[in-house]
Amino acid sequence: MSNPTYTVIFYLFAAITVFSAAFVVFTRNVIYSAFSLLFTFFGVAALYVFLSADFIAVTQVVVYVGGILVLLLFGVMFTNGIMQTGQKSEVFHIIPGTVLLAGIIGALLYTFYTSHGWMPSETTLQGSIVERIGFETMSHYVLPFEMVSILLLAALIGAAFLARFDKSGK
Amino acid sequence: MEQLTTIGLNHYLTISAILLGFGLFAVMTRKNAIVVLMGVELILNAANINFLAFSKYNGGMEGVMFALFVIVIAAAEAAIALAIVINIFKIFKSVDVSSIDSMKE
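As given, the protein sequences belong to chains A and H, one line each in that order. Sequential numbering from 1415 applies to the first sequence in the working numbering. Sequential numbering from 755 applies to the second sequence in the working numbering.
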């Protein structure tokens, strides 16, 4: 697709995603990291829409922004004290970390851009795929679907059990 | 120029590689356990972008379904990890991962 509007919007969301992810990683303030992660999740959800996975995009917004980000913010507030939001987080291993960052990105991009071309299938996904997700969930993937629901229930009960208020210890 | 203006698979793979690099950087260099968890979330998002990109250009539904399951697993992982971090904070009064070096109080 070489529609200029499409391209510009794609680059806009790509820039939002990448720069807010960089801000998550490079800022020292934990609260700033958490709020910047919000923009990363929204940017990634927009990229999912470009990949014609609109249902996954909505799930991303609901689960990541509504669930995981709130949990992370709760963790930040709980472990830093509500009043001292200017909490800085220490950094170590900065040299090996930078080498790893440059190495991973460089190696992957070198591989992607020098290997000769991906060949897209004749039948790429087009339009909305919500209906197909429904059929797949209830036919091929019904066993993993049920297993993941039980796993999620067990994990949430386990999390509530681990983080419960302890009367005797407190 | 043609390659820049026509959005293809390589664009998505590039964003995914950058997110993976940032996530690994956060996991490796930060001392705060919560920021390490944010790095893990970035890595999972990078993997999801890859799954969906290959699924779109392959035309199958496998990547889409796998991405859905990855999101569910990420939710379970975040809940458990936060519970563990809160317990660590109760015991050690800190979430500095480099200072936690014993498995009992």
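Mixed in with the good hints, there may be bad ones.
Computed list of lysine to any residue pairs in SDA-like fashion (alpha-carbon distance at most 25 angstroms, straight line) [stated by the list, open to error]:
| # | chain 1 | residue 1 | chain 2 | residue 2 |
| --- | --- | --- | --- | --- |
| 1 | H | Lys847 | A | Phe1575 |
| 2 | H | Lys844 | H | Thr768 |
| 3 | H | Lys847 | H | Val826 |
| 4 | H | Lys785 | A | Ala1568 |
Cβ pair distances, simulated, as ranges [said to hold, decoys possible]:
| # | chain 1 | residue 1 | chain 2 | residue 2 | range |
| --- | --- | --- | --- | --- | --- |
| 5 | H | Thr759 | A | Ser1542 | 41 to 51 angstroms |
| 6 | H | Glu831 | A | Tyr1527 | 49 to 59 angstroms |
| 7 | A | Ser1553 | H | Asp850 | 20 to 30 angstroms |
Chain H regions said to be covered by chain A (calculated; three or more residues, Cβ under 8 angstroms) [said to hold, decoys possible]:
| # | stretch |
| --- | --- |
| 8 | 767 to 775 |
| 9 | 801 to 813 |
| 10 | 830 to 840 |
| 11 | 845 to 854 |
Think of the hints as simulated: they come from the structure by calculation, not from any bench. For each residue, glycine too, the CB sits at the ideal point set by N, CA and C.
Non-conforming hints, listed in increasing numerical order: 2, 3, 4, 5, 6, 7
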